[in-house]
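*Asks:* Protein chains in written order, with the working numbering: chain A, 1 to 234; chain B, 1001 to 1078.
Everything labelled a hint here was simulated from the structure, so no lab data went into it.
Source: prediction; values computed, not measured.
Heads up, the beta-carbon is just placed ideally off N, CA and C, and yes, glycines get one too.
Among the hints, a few may not be true.
As the list claims (entries may be wrong) - For the chain A half of the interface with chain B, some residues (derived, Cβ under 8 Å), not all of them:
| id | residue |
| --- | --- |
| 1 | V51 |
| 2 | G134 |
| 3 | F136 |
| 4 | L147 |
| 5 | G176 |
| 6 | G186 |
| 7 | L230 |
Stated by the list, open to error - In silico lysine-lysine, BS3-like type, Cα no more than 30 Å apart, as pairs:
| id | chain 1 | residue 1 | chain 2 | residue 2 |
| --- | --- | --- | --- | --- |
| 8 | A | K40 | A | K28 |
| 9 | A | K160 | B | K1072 |
| 10 | A | K161 | B | K1071 |
| 11 | A | K161 | B | K1072 |
| 12 | A | K155 | B | K1072 |
| 13 | B | K1022 | B | K1071 |
| 14 | A | K39 | A | K195 |
| 15 | B | K1078 | A | K160 |
| 16 | B | K1078 | B | K1022 |
| 17 | B | K1072 | B | K1022 |
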Amino acid sequence: MRRIIGLIVLAVIAVGFILTFSQIPFGKDKIDVANYYIKKGIEETGAVNIVTSVVLNYRGFDTLGEITVLFIAALGLGAVLFVERKVQKRASDNQEDKTKNASLILRTGSHLLFPLILLFGAYIFVHGHLTPGGGFQGGAVIASGFLLMYLAFPKQSINKKSSSVVESLSGLVFVGIGLLGLVFSGYFLTNFLPKGIPNTLFSAGIIPIIYIAVGLKVGFELTGIIDDLLGRSR
Amino acid sequence: MIFQLILIFIMIILAVAAVIFKDLINAVVTCAAVSLITSILFYFLQAPDVAMAEAAIGAGLTTAIFIIAIKKTERYEK
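Isolated chain A, as found in the complex (with noise of 0.2 Å):
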């Protein structure tokens, strides 16, 4: 009985759906919004790849936002697991030594790759206003290059200090190039530097140093992230 209930619910609710999304113009020009960002973009802000000019200019203030929603989950998981790893390292002193070593192929390759990957990381975000990619995508690359290293070499670990002074400093950066546009236009994150011209690495004006910190920031909070569920450093 319950199950005809379920299957009754389900329909309906797939009924609607269906009627739902068929009234949505789908590939028509009709949206307005995004045929302004589409048709004045590169004008107004400078930036050839159009995602990068809404989520920077447009919408830089929701990317404000969505940078400490991850900072808060960041911390979160670093308040849970610290408070774990206390319990654990009494139990777990004199089976120190058991990690062992990854096999030669991974270590050799991670030793050449990781350059690369990091290289690959900063390419993807200092190009974020020219090229697909941006903050996110570069610093989710290059956090899983300092993966590939947590998984070749078991016993070391990423400086946790400096790790977070880079982290922190780049989230002010963010918060400080957007009261220089409050002080200089008058609103929070005005593109208050020269646009350039289009097409070059320096153009857009803010959108390339913002996209930098960004890409700092969620690298390091990622590889943070894996440490801490790693449990490595002391």
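Once you've looked at the hints, dock chain B against the given chain A.
*Replies:* Relative to chain A, chain B alone:
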């Protein structure tokens, strides 16, 4: 178009397999494969930004976090 349909079909099979598997490591690896195919589909839908984020976070970091969690708890579903 046919290539994308094949990808979607494989994706559905992998997603069902991830639910069925009792060995959680297998389930996590199939989840990563679903993420990878999702990122390829995003690329075909002309959203390279989202494809990049999906490939790096969905297929890379999330898988690692799941595997760390499995390593610290239990490997087999009861």
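*Asks:* A separate judgement is required for each hint: does it hold in the structure or not?
*Replies:* The hints, checked one at a time:
{"no.": "1", "hint": "V51", "result": "holds, 5 Å"}
{"no.": "2", "hint": "G134", "result": "holds, 7 Å"}
{"no.": "3", "hint": "F136", "result": "holds, 6 Å"}
{"no.": "4", "hint": "L147", "result": "holds, 5 Å"}
{"no.": "5", "hint": "G176", "result": "violated, 26 Å"}
{"no.": "6", "hint": "G186", "result": "violated, 30 Å"}
{"no.": "7", "hint": "L230", "result": "holds, 6 Å"}
{"no.": "8", "hint": "K40/A x K28/A", "result": "holds, 19 Å"}
{"no.": "9", "hint": "K160/A x K1072/B", "result": "holds, 22 Å"}
{"no.": "10", "hint": "K161/A x K1071/B", "result": "holds, 27 Å"}
{"no.": "11", "hint": "K161/A x K1072/B", "result": "holds, 26 Å"}
{"no.": "12", "hint": "K155/A x K1072/B", "result": "holds, 17 Å"}
{"no.": "13", "hint": "K1022/B x K1071/B", "result": "holds, 15 Å"}
{"no.": "14", "hint": "K39/A x K195/A", "result": "holds, 17 Å"}
{"no.": "15", "hint": "K1078/B x K160/A", "result": "violated, 38 Å"}
{"no.": "16", "hint": "K1078/B x K1022/B", "result": "holds, 8 Å"}
{"no.": "17", "hint": "K1072/B x K1022/B", "result": "holds, 17 Å"}
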